[in-house]
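Engineer: Letter by letter, the chains look like this.
There are 2 protein chains.
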Amino acid sequence: MENLSFAMNGGEGPRSYALNSSFQRSAFEAQKRLIDEAISENLDPTMTFTSSSSKDLITIADLGCSTGPNTFIAMHSITEAIKNHYRRHKLLPAHQTLEFQVFFNDQVSNDFNTLFKNLPPNRSYFACGVPGSFRGRLFPNQSLHFVHSASTLHWLSRVPKDIVDRSSSAWNKGRIHHTDAPKEVGEAYEAQFKEDLENFLNARAEEVVGNGLMALQIPAAPDVVADDNKEIDPGRVFELLGSSLIDMARVGIMTEEKVDSFNLPIFYSPVKGVKAILEENKYFSVEKMEPLNLETFYAAPNVYTFVSLYRVVMEDLIKQHFGGAIVDELFDRFTQKVVEFPDIMNLRKLKIVMLFVLLKRKL
Amino acid sequence: MENLSFAMNGGEGPRSYALNSSFQRSAFEAQKRLIDEAISENLDPTMTFTSSSSKDLITIADLGCSTGPNTFIAMHSITEAIKNHYRRHKLLPAHQTLEFQVFFNDQVSNDFNTLFKNLPPNRSYFACGVPGSFRGRLFPNQSLHFVHSASTLHWLSRVPKDIVDRSSSAWNKGRIHHTDAPKEVGEAYEAQFKEDLENFLNARAEEVVGNGLMALQIPAAPDVVADDNKEIDPGRVFELLGSSLIDMARVGIMTEEKVDSFNLPIFYSPVKGVKAILEENKYFSVEKMEPLNLETFYAAPNVYTFVSLYRVVMEDLIKQHFGGAIVDELFDRFTQKVVEFPDIMNLRKLKIVMLFVLLKRKL
Numbered sequence: 080m081e082n083l084s085f086a087m088n089g090g091e092g093p094r095s096y097a098l099n100s101s102f103q104r105s106a107f108e109a110q111k112r113l114i115d116e117a118i119s120e121n122l123d124p125t126m127t128f129t130s131s132s133s134k135d136l137i138t139i140a141d142l143g144c145s146t147g148p149n150t151f152i153a154m155h156s157i158t159e160a161i162k163n164h165y166r167r168h169k170l171l172p173a174h175q176t177l178e179f180q181v182f183f184n185d186q187v188s189n190d191f192n193t194l195f196k197n198l199p200p201n202r203s204y205f206a207c208g209v210p211g212s213f214r215g216r217l218f219p220n221q222s223l224h225f226v227h228s229a230s231t232l233h234w235l236s237r238v239p240k241d242i243v244d245r246s247s248s249a250w251n252k253g254r255i256h257h258t259d260a261p262k263e264v265g266e267a268y269e270a271q272f273k274e275d276l277e278n279f280l281n282a283r284a285e286e287v288v289g290n291g292l293m294a295l296q297i298p299a300a301p302d303v304v305a306d307d308n309k310e311i312d313p314g315r316v317f318e319l320l321g322s323s324l325i326d327m328a329r330v331g332i333m334t335e336e337k338v339d340s341f342n343l344p345i346f347y348s349p350v351k352g353v354k355a356i357l358e359e360n361k362y363f364s365v366e367k368m369e370p371l372n373l374e375t376f377y378a379a380p381n382v383y384t385f386v387s388l389y390r391v392v393m394e395d396l397i398k399q400h401f402g403g404a405i406v407d408e409l410f411d412r413f414t415q416k417v418v419e420f421p422d423i424m425n426l427r428k429l430k431i432v433m434l435f436v437l438l439k440r441k442l
Numbered sequence: 080m081e082n083l084s085f086a087m088n089g090g091e092g093p094r095s096y097a098l099n100s101s102f103q104r105s106a107f108e109a110q111k112r113l114i115d116e117a118i119s120e121n122l123d124p125t126m127t128f129t130s131s132s133s134k135d136l137i138t139i140a141d142l143g144c145s146t147g148p149n150t151f152i153a154m155h156s157i158t159e160a161i162k163n164h165y166r167r168h169k170l171l172p173a174h175q176t177l178e179f180q181v182f183f184n185d186q187v188s189n190d191f192n193t194l195f196k197n198l199p200p201n202r203s204y205f206a207c208g209v210p211g212s213f214r215g216r217l218f219p220n221q222s223l224h225f226v227h228s229a230s231t232l233h234w235l236s237r238v239p240k241d242i243v244d245r246s247s248s249a250w251n252k253g254r255i256h257h258t259d260a261p262k263e264v265g266e267a268y269e270a271q272f273k274e275d276l277e278n279f280l281n282a283r284a285e286e287v288v289g290n291g292l293m294a295l296q297i298p299a300a301p302d303v304v305a306d307d308n309k310e311i312d313p314g315r316v317f318e319l320l321g322s323s324l325i326d327m328a329r330v331g332i333m334t335e336e337k338v339d340s341f342n343l344p345i346f347y348s349p350v351k352g353v354k355a356i357l358e359e360n361k362y363f364s365v366e367k368m369e370p371l372n373l374e375t376f377y378a379a380p381n382v383y384t385f386v387s388l389y390r391v392v393m394e395d396l397i398k399q400h401f402g403g404a405i406v407d408e409l410f411d412r413f414t415q416k417v418v419e420f421p422d423i424m425n426l427r428k429l430k431i432v433m434l435f436v437l438l439k440r441k442l
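Protein sequence lines correspond, in order, to chains X and V. All you need for the working numbering is the position in the first sequence, starting with 1, plus 79. All you need for the working numbering is the position in the second sequence, starting with 1, plus 79.
For the record, the hints were derived by calculation from the structure and aren't laboratory data. Remember, it's a predicted structure, so these values are computed and weren't measured experimentally. It cannot be assumed that every hint is accurate.
Said to hold, decoys possible - Some chain V residues flagged as far from chain X (calculated, every beta-carbon gap over 12 Å):
(1) K169
(2) K337
(3) A355
(4) A379
(5) E408
(6) D422
(7) L426
As the list claims (entries may be wrong) - Simulated pairs of lysine-lysine, DSSO-like, Cα-Cα distance not exceeding 27 Å:
(8) K134(V) / K361(X)
(9) K416(V) / K428(V)
(10) K240(V) / K351(V)
(11) K196(V) / K196(X)
(12) K309(X) / K262(X)
(13) K361(V) / K134(X)
(14) K134(X) / K441(V)
(15) K361(V) / K351(V)
(16) K196(X) / K398(X)
(17) K273(X) / K240(X)
(18) K367(V) / K111(V)
(19) K367(X) / K169(X)
(20) K262(V) / K240(V)
(21) K398(V) / K196(X)
(22) K273(V) / K252(V)
(23) K441(X) / K134(V)
(24) K134(V) / K134(X)
(25) K428(X) / K367(X)
(26) K416(V) / K262(V)
(27) K398(X) / K196(V)
(28) K337(X) / K262(X)
(29) K428(X) / K111(X)
(30) K398(V) / K252(V)
(31) K361(V) / K273(V)
The C-beta atom is built at its ideal place from N, Cα and C for all residues, glycine as well.
Can you build the whole structure from these sequences, using the hints too?
Structural biologist: And the structure:
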């Protein structure tokens with residue numbers, strides 16, 4: 080099966096990622112203190128290239144950057160934190176200055192034209208766009224000092240192949256995700272997540288210099304979700320979307336087979352699963368791993384905003400499978416279901432764990 | 080006056096740069112031997128970063144790359160020439176391999192989405208896009224080993240301001256270029272060209288490592304054009320376009336003022352002018368400077384192809400000034416004039432000099 084390639088909605092219209100990424104931004108706000116700490120506790124100034132006698136170069140990559148503005152806010156915070164760290168500890172000789180080169184990476188289908196048009200004019204870094212999947216190599220050997228990737232690693236590189244195989248015990252009939260599915264379906268998702276995260280780590284291990292840092296924000300699930308109406312599994316959102324599709328198949332808008340062959344390539348791994356994969360990797364040490372508190376930063380103001388947040392990230396994927404004609408009706412039906420189940424918009428109940436992870440490349 | 084920012088036509092339609100850049104490609108074919116020679120005679124393997132014990136990194140930038148495919152052909156040739164050079168002279172220890180990172184640069188308004196989509200899947204380099212004007216800094220200090228820029232430096236960063244100033248002796252009334260204009264107009268173009276080329280060289284001087292190379296293809300004019308029907312000044316093409324605009328103003332499609340305030344920011348410098356600017360620059364030595372023989376590589380097959388070659392590079396600029404509504408009629412009228420003066424399509428007569436220049440960054 081071919082690897083998936085899709086992207087957040089481009090442009091700057093009402094359904095663009097640029098205007099519908101406040102949830103992702105709230106997670107960045109929540110991690111800001113942790114990034115500052117990570118830099119001041121872990122940044123090794125001897126790892127940077129000294130390209131000449133007068134300049135010291137720090138290279139940063141944002142993997143899965145989409146079109147902005149979140150990536151610009153993140154890159155600004157990181158470069159400022161590094162500058163402050165150097166200044167505070169007088170890490171640069173008086174005649175030297177720091178230069179930054181920032182690599183903005185996303186899938187080839189990402190709208191890089193919009194990203195480039197919106198680059199902050201007063202940025203203090205040289206900007207580059209890097210198209211391609213971050214599951215594989217994107218950069219030269221030992222060429223990066225700091226890697227950031229936020230809300231990207233829960234996307235799988237492909238739908239696990241067994242779950243669309245009718246002859247497999249993991250065939251995921253009548254659902255678009257593993258929530259409430261037989262355990263084989265969840266296991267197939269989990270195996271794919273593990274393979275993808277390992278590929279990500281192994282590619283970065285080649286690219287990040289010794290002592291280089293990776294700050295990752297990984298959407299995950301609690302190890303246990305209380306089975307009462309006080310806690311809601313994050314997969315419930317996909318279940319509502321899936322049941323909207325099934326309703327549409329029932330009234331003949333599409334075939335049941337079409338829905339059966341569609342599965343979301345998203346996995347909110349239990350926290351302990353993420354931890355195990357990271358600790359098993361021999362190239363990076365886990366310097367920090369803690370959940371961000373999103374509640375204080377984000378609450379969807381209303382159902383339309385909530386639905387938009389999901390639409391902007393899923394629309395491209397849905398169009399690729401079902402065509403564009405069904406999208407409006409699908410999200411109308413999904414909106415209805417959210418209205419009937421408003422608790423799902425409440426982050427105190429919907430148990431998405433946004434894990435902040437700081438990794439350091441071993442020497 | 081603000082600097083101009085415009086780009087070649089994007090996408091892949093019938094009027095895209097991607098499908099209308101055969102002239103520019105012919106120039107690259109003609110320079111291929113010169114690039115190979117430049118690399119085998121001048122490439123200093125000690126200038127590259129040794130990022131680790133096992134990899135040697137060579138960074139290449141194509142400045143003004145547009146959307147491809149010419150830039151991909153050029154980057155392939157350059158990386159192959161470098162690989163062959165290393166292999167032939169056994170410049171790499173047995174356990175080392177070469178890595179390439181290629182930076183594709185053009186204006187922010189360039190269609191990078193199309194560029195990225197068409198990147199050769201089997202390329203042997205890591206690819207980045209770098210948006211912004213090459214008159215200023217784009218890359219960190221001493222971070223480039225090889226710079227290529229083809230058919231870009233005859234574009235000025237702006238229209239010389241005196242030529243649109245009614246009170247100036249350089250006011251360019253009734254023309255869109257300096258061809259056949261009073262000498263003050265030509266001098267204003269020349270001064271802008273000099274400033275722009277110097278800015279380009281000074282920015283690159285910061286970015287290119289010692290002994291690093293720049294291979295430039297600069298469209299220029301002969302120092303003297305014979306004043307008979309055997310030779311045609313390259314500015315004649317713009318004169319035909321300008322007279323088409325004036326005809327349209329005469330029949331009331333636009334005002335005369337609108338045409339007077341439009342001038343092409345293009346200058347085919349006489350060869351000796353280019354030579355003087357390059358030799359004056361204290362950061363680069365001129366290793367080679369010779370005209371490419373385009374005649375053997377390119378002849379416009381017919382008038383429509385010839386007009387398309389100009390349309391694709393000028394359309395954005397014309398739309399910005401006149402709006403999009405006049406473009407079709409303008410190029411219809413221009414086509415008529417080319418039909419009446421077919422010698423202009425003959426490269427034996429139209430005296431564009433495509434200068435190949437090899438510069439080396441002094442240590």
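Engineer: If a hint holds in the structure, say so; if it does not, say that too.
Structural biologist: Hint check results:
no.	hint	verdict
1	K169	21 Å, holds
2	K337	27 Å, holds
3	A355	29 Å, holds
4	A379	31 Å, holds
5	E408	29 Å, holds
6	D422	40 Å, holds
7	L426	35 Å, holds
8	K134(V) / K361(X)	21 Å, holds
9	K416(V) / K428(V)	17 Å, holds
10	K240(V) / K351(V)	24 Å, holds
11	K196(V) / K196(X)	18 Å, holds
12	K309(X) / K262(X)	24 Å, holds
13	K361(V) / K134(X)	21 Å, holds
14	K134(X) / K441(V)	18 Å, holds
15	K361(V) / K351(V)	18 Å, holds
16	K196(X) / K398(X)	26 Å, holds
17	K273(X) / K240(X)	14 Å, holds
18	K367(V) / K111(V)	14 Å, holds
19	K367(X) / K169(X)	26 Å, holds
20	K262(V) / K240(V)	15 Å, holds
21	K398(V) / K196(X)	19 Å, holds
22	K273(V) / K252(V)	23 Å, holds
23	K441(X) / K134(V)	18 Å, holds
24	K134(V) / K134(X)	23 Å, holds
25	K428(X) / K367(X)	25 Å, holds
26	K416(V) / K262(V)	26 Å, holds
27	K398(X) / K196(V)	19 Å, holds
28	K337(X) / K262(X)	23 Å, holds
29	K428(X) / K111(X)	24 Å, holds
30	K398(V) / K252(V)	20 Å, holds
31	K361(V) / K273(V)	15 Å, holds
Comparing the model with each earlier hint shows no violations; every hint is respected.
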